[in-house]
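Visitor: Chain by chain, the residues run as shown.
There are 2 protein chains.
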Amino acid sequence: MKPAASLSRSSPRFLALARIVGEKQVHIDDEFYRDCHVDAIKISRTPLAAVEVTTAEQLPEIIRIARDERFPLIPRGAGTGLTGGAVAERDGVVVSLALLNRILELDTQSQLAIVEPGVITQEVADAAAQVGLFYPPDPASLKESTIGGNVAECAGGLQCKKYGVTRDYVLGMEGYTMDGELLRTGYFAPDAPLDLTSLVIGSEGTLCFITKIALQLITPPESRRSYLMTFARQEDAAAVVAASIGSGVVPAVLEFMDGDAVALALNYLGWVDMKRPEAVLLLELDGSVAEIERDHAILDPLIRQNNPLAFESTPDGARREHLWTLRRSISPAVAASAPIRLCEDVCVPPSQFPSLIKHVVKLGKAHDLRVLSFGHAGDGNLHVYLMADKDNEETHQRIDNASADLLSLAVELDGTISGEHGIGITKRKYLPLEISSTTMEVLRKVKGVFDPEELLNPDKIF
Amino acid sequence: MKPAASLSRSSPRFLALARIVGEKQVHIDDEFYRDCHVDAIKISRTPLAAVEVTTAEQLPEIIRIARDERFPLIPRGAGTGLTGGAVAERDGVVVSLALLNRILELDTQSQLAIVEPGVITQEVADAAAQVGLFYPPDPASLKESTIGGNVAECAGGLQCKKYGVTRDYVLGMEGYTMDGELLRTGYFAPDAPLDLTSLVIGSEGTLCFITKIALQLITPPESRRSYLMTFARQEDAAAVVAASIGSGVVPAVLEFMDGDAVALALNYLGWVDMKRPEAVLLLELDGSVAEIERDHAILDPLIRQNNPLAFESTPDGARREHLWTLRRSISPAVAASAPIRLCEDVCVPPSQFPSLIKHVVKLGKAHDLRVLSFGHAGDGNLHVYLMADKDNEETHQRIDNASADLLSLAVELDGTISGEHGIGITKRKYLPLEISSTTMEVLRKVKGVFDPEELLNPDKIF
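Protein chains in written order, with this note's numbering: chain A, -14 to 447; chain B, -14 to 447.
Derived by calculation from the structure, the hints in this document are not laboratory data.
Note that the structure is a prediction, hence the values are computed from the model and not measured.
Mixed in with the good hints there might be a few duds.
As the list claims (entries may be wrong) - Simulated crosslink set (DSSO-like; lysine-lysine; CA at most 27 Å straight-line):
hint: 1; chain 1: A; residue 1: K430; chain 2: B; residue 2: K430
hint: 2; chain 1: A; residue 1: K147; chain 2: B; residue 2: K430
hint: 3; chain 1: A; residue 1: K260; chain 2: A; residue 2: K343
hint: 4; chain 1: B; residue 1: K343; chain 2: B; residue 2: K414
hint: 5; chain 1: B; residue 1: K375; chain 2: B; residue 2: K347
hint: 6; chain 1: A; residue 1: K27; chain 2: A; residue 2: K128
Please model the complete structure; the sequences and the hints are all you need to start from.
Guide: Listed below in structure tokens is the structure:
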């Protein structure tokens, strides 16, 4: 990657942007600017500048300048993405929507929320909970990621097998395409005969800026029961997953963690007492008290038959938080221990999940990398961290090779190369593994409708 | 509408089409051809011909001829649409996909079905039921309509408040755009970063021919309880609807029928014993036995408090079929009694539903038309038949005026002009009531990606 440079404070572009958003919101040399070089996966690119908009109406003005002067714009939320979607792949200006962070409306009768894109996902969930409602999508990053970023990436989460992903909760949007006009979809444009809402969800900021989102909320489950179980053998964990799926019980959460992931998290948490298992499952039931009782009666013996080392189940909310700690600590533990890392996110049919986790161990050995895996066993969605310590060409090459092997393996196992992290920069070269040139051509043309000059988050996906 | 004519048997176009599909499948003067002049709403247009494809691979050849000779193609399923989507608005060839009617795969483990577009919706539901699964979308036409037509129109149905509409069950598609190339979406193109599946659903045959559909099936509810209640006053029925929504109970079905709709159906059925009520509600609970018991304990007193004339509730499957008969007979009763009719399909917030049904009665008087209404009270989706006996200019004008009044009213009540029947021909002029010119322009350009020469179902929606 060529070393790019930021705008100078006296350049016409800097001045034009400063006129729109105010000089303080145009960053070219501070911490905010440097944060905008990367996302959570630490792919580093140097943007011309990073601009924070404070009102949605500033966007058409910024778009006009970008088109006149032909520089790219890169929409950004919290920068927690894992495929490079929010970094400037070409010389361009990062446009942060994080300050558009108001919850505009909470309608308990219609069970919906209208929010700006910069609201933190956890705040959406909290606001819903405060009025007795439930916003289910819960990506691991929910305490930092923005709802706009969640929509752009179609974030999933731990509860997605039962409750679906972000797509299933977006009723409509407002935003600006690169013609600078306000686009309204779904809830904001009833009767629109083509579903532009779904088109924008998961488009990774390549079609439009999102400035307002209508979200469906639902009635929360009456009750929950959480299960944490450890195993000396991955096969036993896999057997529990298979038996659970076969039983007809639909857990809200069914998370797998391999021994390396757990060991790293235990070390990070300082939980020195707990002996390293080879696999851990976190499972959660929710629903009416009667449903949970019924499902518990099925699950409890099924778990005990498969040799758990330790097994706890609890309906208690506080204890639940404790059981979840291990799962939630994996990503911060990786961030603290591995300066160079790639988080792959493959998805296979649940029946192939055991094969997949077995292969991941071999992958580390074959490419001389630290590797760990964890993910949503109920969906067959596995996250695999490929980790190294030295930041050099050779290390990156090894990670790249391991990644290519993993993605090919997922496709061989009838799976997909991206479960919920998007395509971005890191996976675009693998798209032809799965998508025909005809379909890709249609996708490119649809992108062209929204951004004919390829100035909006260019070189992502396509 | 100018009187058009069919192709002659010796014309080059006829011969070219006959070469592809066989002469017997090119219709220019038989009953099949005449059936293709109309859909369920009896908007009549004369196509050049009606062609039945027998394999999906014939489509690219037909497309090539249509493009070379610049005539439109109009995809058609069973012709049960209610807005004219399947009729030839311009001189064009109707292409029936009804013979592509195989269920290709039923995967009980993954709970999905792969079907061709010509399979009757009821057959999809039956095939799912035979392997212990459930396909919920149930438009009133389900015994005649094709699944491809359901997808093209994004059909809803009686259970859509609880179970969603066709959109919620389509995992992916194969089809041909007007470039004649095979487009694969969703399930058939994992990882496609833009959601082309959702774009095609509800696009009313304007974007592509659909040749294969992957459908999500779900686990059926354990049990059901059906309720039929009649009222002397519409207000009492409305009060039950409001109280039911307010109670937190989510019925699978909550259907309203006004007195005129019921009277027509009673007469059609020959049920002379039953006195005409002013409103009827059909309600159905489903779920576990425990859930139904809990909800029944809430609903039963709530219904009794609101002065039902008669009220029956039953968990019995055979009796259920009987209770449903009245609702299912409305459309055939209308078809038998009113040669000229328009079925409007407006949707308002459930809180505005009582206002809407009150206004409908006035509408008939104001425009001197027979009017009746029925629909999905749980969603605020009301179907309104505007009916007349004489097929002349003046009658059509009165129906048109009444329709315009009704649609404006729906928009005034914060509603939409189409609940589940699409836009087609009949509603396109009303789209600007709700959709900005900017959004409309984006929709038009997206259409252009799939059909640059406007030859696929032209003049629908746009």
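Visitor: Are the hints correct? Go through all of them and say.
Guide: Each hint tested on the structure:
For the proposed pair A:K430 and B:K430, the alpha carbon gap of about 10 Å is at most 27 Å, so the pair holds. At roughly 36 Å between alpha-carbon atoms, A:K147 and B:K430 are farther apart than 27 Å, so this suggested pair is violated. This hinted pair checks out: A:K260 and A:K343 have alpha carbons roughly 21 Å apart, not beyond 27 Å. In summary, the hint linking B:K343 to B:K414 is supported, as the alpha carbons are separated by about 25 Å, within the 27 Å threshold.
Of the supplied pair hints, the one linking B:K375 and B:K347 holds, its CA atoms being roughly 21 Å apart against a limit of 27 Å. At roughly 19 Å between alpha-carbon atoms, A:K27 and A:K128 fall within 27 Å of each other, so this suggested pair holds.
Of the numbered hints stated above, the single one contradicted by the structure is hint 2.
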